[in-house]
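Could you build the full structure based on these sequences and the hints that come with them?
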Amino acid sequence: MGSNANHSFSERPFWAALPGAWHPLCGSFSDMGWSFEWHDFEPATRVDWGKSFHPQGLEVCLNLSGTGRLTTKKGELEVRPESAALYLCGDAPVNAWREAGQRHQFLTAEFSVDFLRRNLPRGIGQVRPFVQRILDAKKPASAVDASQPLTPRLRLLVAALRSPPVSGAARTMWFTAKVYEVAAELFFDHTAEEALFCTRQNHVAQERVEKAAALVRTHFAEPLTLEELGQRVGCSPFYLSRTFTEQMGMTISQFLRQVRLERAAELLRSGKFNVTQAALEVGYSSVGHFSTAFHETFGCCPGLYPLQMPAQRADKE
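Per my numbering, the very first residue in the sequence shown carries number 539; after that it's consecutive.
Please note: incorrect hints may appear among the correct ones.
Pairs of lysine-lysine residues, derived as DSSO-like cross-links and limited to a Cα-Cα distance of at most 30 Å, are as follows [stated by the list, open to error]:
| id | residue 1 | residue 2 |
| --- | --- | --- |
| 1 | Lys611 | Lys677 |
| 2 | Lys589 | Lys612 |
| 3 | Lys677 | Lys716 |
| 4 | Lys677 | Lys612 |
| 5 | Lys589 | Lys611 |
| 6 | Lys677 | Lys589 |
| 7 | Lys676 | Lys589 |
| 8 | Lys611 | Lys676 |
| 9 | Lys749 | Lys716 |
| 10 | Lys589 | Lys716 |
| 11 | Lys676 | Lys612 |
| 12 | Lys716 | Lys676 |
Think of the hints as simulated: they come from the structure by calculation, not from any bench.
As the structure is a prediction and not an experimental result, all values here were calculated from the model.
Structure (structure tokens):
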């Protein structure tokens, strides 16, 4: 279903030089027109990241940590920590790299231009200009778009993509739905909609929720009370609780649990923490409660979790 010209390209040989850095999650750029991939590495030397880009492919980079830089004939882009970036690789490779001595953690959603042309609506003036130019060009050249902050909603999307709630045949269906969620979130110009439907109060509420989410991430081992969170963001505990749930799709307690378990998973993957140590490090006083919550989130007990990580490579790129 993808462009025949792209069938010969594979990024697997590039990532093979960085063992453990690349984790295909689902999809196939050449066969399905899209793929989701997680990356986690700390290189001693600068990485020529552009060699992993698919020709005639639009990439979304949801960048948690580490700095990347891209240069094309038409512009430059710095991908900073906690940002989202869009860039297109034409037929010629993009000059892009990841800095040495930094921990790079980012998720990419990769789309073939053919897939976008088949699936994005045309002629309604809502597709963001960068994407529209790609759709209109017969054979688009490499280009970069301006980056934007990684919102709490996008951060939650990264966490969800790394830990899908389903398996087997349902897994591909679930990821396919996420393809359209990413497109709806990042490929359309929402400025007009915001001007019509968003009030200043909504913007203030969103800022408060984002600040509260940041505080929860900072103090996850010794969490602030709801009253303390409300004081720090400037609203009542009841209002914060309600607006947080509306905008994040989960309660503050559920978000805290997710942050703790994500951190615990990182500690277990590092091999430097056992289950008890990881549980205590992220704020659980009961190893039993921690193990139950971990199993509900990741589908396996924490003791076996590090052993199951290589299985992520089984999916096609």
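So which of the earlier hints does this model not fit? none
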